[in-house]
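Enquirer: As a plain string of letters, each chain reads:
There are 2 protein chains.
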Amino acid sequence: MTAAPRSIDDLSGVDEIAEEDIVDRIFEAVVEQRLPPGTKLSESVLCEAFGVGRMRIRRALLLLASREVVDLQANRGAFVASPSPQQAREVFEARMTMEPTIARLAVERASVEDIANLSAHLMKEHAAHHEDSRQEAIRLSGQFHLLLAQIAANSVMLRMMKELVTRTSLIIGIFGAPSVTNCRDDDHERILNAFKTRDGKAAADLMAEHLRVIEGSLELGNKTGGAVDLVNLFKRK
Amino acid sequence: MTAAPRSIDDLSGVDEIAEEDIVDRIFEAVVEQRLPPGTKLSESVLCEAFGVGRMRIRRALLLLASREVVDLQANRGAFVASPSPQQAREVFEARMTMEPTIARLAVERASVEDIANLSAHLMKEHAAHHEDSRQEAIRLSGQFHLLLAQIAANSVMLRMMKELVTRTSLIIGIFGAPSVTNCRDDDHERILNAFKTRDGKAAADLMAEHLRVIEGSLELGNKTGGAVDLVNLFKRK
DNA sequence: GTTAACAATCACGTCAACAAAATTTTTCCT
DNA sequence: AGGAAAAATTTTGTTGACGTGATTGTTAAC
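As you go down the protein sequences, you meet chains B and Z in turn.
Numbered according to the numbering used here, the first sequence spans residues 106 to 342.
Numbered according to the numbering used here, the second sequence spans residues 106 to 342.
Just so you know, the hints here were simulated from the structure itself, not pulled from any lab data.
Keep in mind that a hint or two might mislead.
Pairs count within a copy or across copies, as identical chains cannot be separated in the list.
Calculated cross-link-like contacts (lysine to any residue; reagent style SDA-like; alpha-carbon spacing at most 25 Å) [said to hold, decoys possible]: (1) Lys306 to Val150; (2) Lys301 to Asn180; (3) Lys145 to Met201; (4) Lys301 to Glu198; (5) Lys301 to Leu325; (6) Lys267 to Glu125; (7) Lys267 to Glu148.
Nothing here was measured: the structure is a model prediction, and the numbers come from that model.
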């Protein structure tokens, strides 16, 4: 189940879901890998799922496409994106560019309450790992990074990170070895310690290393990005 | 006519030529400050301007809004965004986070042809400054930064930079002292020299300093965000 | 003379029907 | 029986019309 506050949209006639809600719900589903790369996102199905008109759905899909989370193919429909190895490298390069600084800024700006929230979040992560609730673990793992961006108090970078974290989930789904845990929460723990000692530099370094490890655990360059290259696959040697 | 069927792996936008075109044209107009903050972007007017249906325009406006370049107000219409001082600080913080790394990566990856293109670009910048073609100077000035992101060969960060450069133009339009030139092309020149000596670290440092100077030339915290506070403005003393 | 309520106009937002394209199923021929 | 062509169905894309909400100008009342 989603731990996020359940919206009561369709309960009473409390008015429509904003398209932003739809976008966020789909983002979340992608992060939790309930929507694997390549999944067809039919308009009519989504209309029924969210109980809204087609126009709302189409706008949501357009927004998702502009963040490269869905692939919008003309006259064919919308599909969950299948990042190529090249795109995967670019996403990680962007994260390695931004997140160390975000971590440092977060340390510098975190209130004691923020740090408490981070601690609480980490406990939830531990619990999820312990209970083998894979989806919950993945979701919390991504949200940890978003929490940092939120503490850094930069809405621009927060928005960018939302996109990057979501796409990272797709990337791990495609290129991750099945055994690999997305984020070792040990790493998150070490970053939290940097908060407690108010060591921004350490947080930045740990984040950089954290991302390097994750990317290293992937198998880029082997598998193609979901849209399998059949030509090469069946080519005679 | 629709384009002839191309190779199978050409998944990128098929008929979205007009779509991205409208967005890019509006981006460009905002960068050149021909569309000042707060300008109303009436759907019907844009329909006529671009000679397309209302739906196309609405989608373009939605995309522009998702990049926070236009402000979409319910039942009132679309307006060119008026960044607040806080938003301005966030944009610059994001740029200072990303662009030094982008500059370094660009230096590391630039071909000799890339460097020649940069040189040519700088000459155009000089010419525009000399001829007092303000719009052209501003446009080229922003494009220099996009060129670096392009050379860095990271499409994710390139897209993010397009947004940030455009919003920076709005910010300078609001908070910039009239005399201030957006980018001193001397700074660009120094960065180009770092390319010639293949000194990535120097390029990163110069870029950081460059951005710091620009932000320092603004007067944040004084003016309100373009949506001028008429109440205060005309209040009797 | 000022203010407040009301009405008219205009633009945006949504809905429904229509057209075009693609996928699937059926049918016919080899 | 297998495959190819054609028809039917489903799905997407577009256009038009209509309802809603906001802004503005007018009028009436105080």
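Enquirer: Run every hint past the structure and note whether it holds.
Expert: A quick look at each hint next to the structure:
1. Proximity of lysine 306 and valine 150 under a CA criterion of 25 Å is satisfied in neither setting, with 48 Å inside one chain copy and 51 Å between copies.
2. In the homo-oligomer, the alpha carbons of lysine 301 and asparagine 180 never lie at most 25 Å apart, since the shortest distance is 53 Å inside one protomer and 47 Å across protomers.
3. Proximity of lysine 145 and methionine 201 under a CA criterion of 25 Å is satisfied in neither setting, with 31 Å inside one chain copy and 38 Å between copies.
4. Proximity of lysine 301 to glutamate 198 under the C-alpha cut-off of 25 Å is restricted to the inter-copy arrangement: shortest distance 24 Å between copies versus 28 Å within a copy.
5. Within a single copy, lysine 301 and leucine 325 get their C-alpha atoms no closer than 35 Å, and across copies no closer than 32 Å, so neither meets the 25 Å cut-off.
6. Taking the shortest Cα distances, lysine 267 and glutamate 125 sit within 25 Å of each other both inside one copy (13 Å) and across copies (23 Å).
7. Proximity of lysine 267 to glutamate 148 under the C-alpha cut-off of 25 Å is restricted to the intra-copy arrangement: shortest distance 24 Å within a copy versus 30 Å between copies.
Hints 1, 2, 3, 5 from the earlier list are contradicted by this structure; the remaining hints agree with it.
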